[in-house]
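Peer 1: Read off the chains here:
2 protein chains.
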Amino acid sequence: MIVALAGGVGGAKLARGLAEIAGTDLSVIVNTGDDFDHFGLRICPDLDTVTYTLAGKANPVTGWGLDGETWSFMAQIKALGGEDWFQLGDRDLAIHVLRSQWLGRGASLTDVTAKITAALGVKAAVLPMSDAPVRTRVQTASGLLDFQDYFVRLKCDVSITGLRFDGAAEAGPTEAVEHALDDAEMMIFCPSNPFVSIDPILAITDIHRRLKATRVPRVAVSPIIGGKAVKGPAAKMMAELGYQVSSLTVAEKYRGLIDGMVIDVVDGDLEGDIRALGMAVKTTRTLMVNAEDSARLAAETVEFARKLGGR
Amino acid sequence: MIVALAGGVGGAKLARGLAEIAGTDLSVIVNTGDDFDHFGLRICPDLDTVTYTLAGKANPVTGWGLDGETWSFMAQIKALGGEDWFQLGDRDLAIHVLRSQWLGRGASLTDVTAKITAALGVKAAVLPMSDAPVRTRVQTASGLLDFQDYFVRLKCDVSITGLRFDGAAEAGPTEAVEHALDDAEMMIFCPSNPFVSIDPILAITDIHRRLKATRVPRVAVSPIIGGKAVKGPAAKMMAELGYQVSSLTVAEKYRGLIDGMVIDVVDGDLEGDIRALGMAVKTTRTLMVNAEDSARLAAETVEFARKLGGR
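For the record, the sequence lines run as chains A and B.
Each residue of the first sequence is one higher than the last, beginning at 4 in the numbering used here.
Each residue of the second sequence is one higher than the last, beginning at 4 in the numbering used here.
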């Protein structure tokens, strides 16, 4: 059993490669700190990106949303004077509506996600990190912002001073997450944003504890390539929070929780500094443009972890 | 000010003709007994049919829903294993989502409807009969059914023994409805189903009282032509409830509330029997196939009502 920790687009891409290797023997523990309620619907951006990507149905251009989506709903929302800052495609909407309906009837987010992934033919287990609400909030000089306000409405165009994961202290992992972590042969930190995709997962005390205590190899794939994030605000956040924008910063952040880092060949000069933190390093091409890239990077990451297994 | 009472498709068609004559001086009091909650959304079929028709955006084939609609949402709902017995178009969905959001924030159904109709360029006032919930329930030999279960899910394919309008006794009319009735120069019963479109409106005690007491002319356009309903289960219900399927039955049903009936030329033989009930009769072509038909029938109905005005 491979266990992966993932947020949105970048994490989903590696998860897709891992799914090709592991089939049903993959559990992806997904960040739910981005989840929010909009139009009375529960929106879970990272769960959906992972689900759509594993189902082979993600929009290949954006990385999120469904391929071949239509936008009649949003056009009419706009015509009727509704809020149109958060784009909801016509087909994508079905997942939010059904999830909200099923949650309203008492199903857990884990059960709802299992039902949706099964319907979409996803073999891997897509596991919300918790069934309890955890909400990422962004601290700025002018106050606290809900994550989607920051991320989508403001397009990250404000400087952050910190992050909060409201509810994380009280939120336990689900049984499914506990079992996945107990059964794991290796744990892989996908190349997701360390601050807003992986940190919320690590903020769940019991997940953090199990990751720290496990004897199986733990490997992180860096989301930073040559001082830049492939997608999203990871690099911008890193700089604003006073860190060097570098895979070394990622390694330092995960220190004590991982045994090895996969970094891009362009960052080969960091190898020594990262090894000095007490972890192994593998350099390879980490940019995932297509499914083949994902498959190759996943295979190399799994092989790297296997080699570390004997520690 | 013309006040019309209307349900769905047939009523909406006449209302569109009345709107051409009256412009902003038309208030359409609309049945909300068909309203229901589905996927956590408030669906108001008759309000929406009237709104879309007055906006010139109704699907000309079905009479309900939006012209040029797309169906991505429903296709995905089905793929995910959701309920697909009630069709919700992608653009149509926007009205339900916004209405539910605005109602959830404390707006009244009247306010929400005003906002939506304004956005769609509707000049007439589209008035829910009440802001309080009234729910039509269908009595059958095998028990009580919610209206949409009967109407859409079972396609009316069950014999009815009676109808109930739960909540009607407690539901008052809105202020907007009261003002419209107070200011009316004439009141027109659109050719909607008397049992499930007009009766729920009449079940609101104060509306019934004002209709009965008014001194302005009140005219009904029969939805029955040659012993058949143009659309929907009106004729079937009439037969199952033990009535003759005829415009005479409609006239008897509205007796005491109307001063005149508009019936189709094919039902000219009923004229004497309807006059014997103490009301005037106008015969004309009442089938509305296109906007021209609606405009002509509306003009003739208004003229007929004006002539009765001197009683």
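Worth flagging that the hints you see were computed from the coordinates, not collected in a lab.
Idealized CB from N, CA, C, for every residue including glycine.
The reader is advised that the hints may include incorrect statements.
Stated by the list, open to error - Pairs of lysine to aspartate or glutamate residues, derived as EDC-like cross-links and limited to a Cα-Cα distance of at most 16 Å, are as follows:
1) B/K231 x B/E243
2) A/K118 x B/E86
3) A/K60 x A/E72
4) B/K118 x A/E86
5) A/K285 x A/D267
6) A/K285 x A/E306
What the hints assert, rightly or not - Derived contacts from chain A toward chain B, CB cut-off under 7 Å, selection only:
7) L83
8) F89
9) Q90
10) D93
11) A97
12) V100
13) L101
14) Q104
15) T208
Peer 1: Taking the earlier hints as the rules, which of them does this structure contradict?
Peer 2: Hint check: 8, 9 and 15 fail, others pass.
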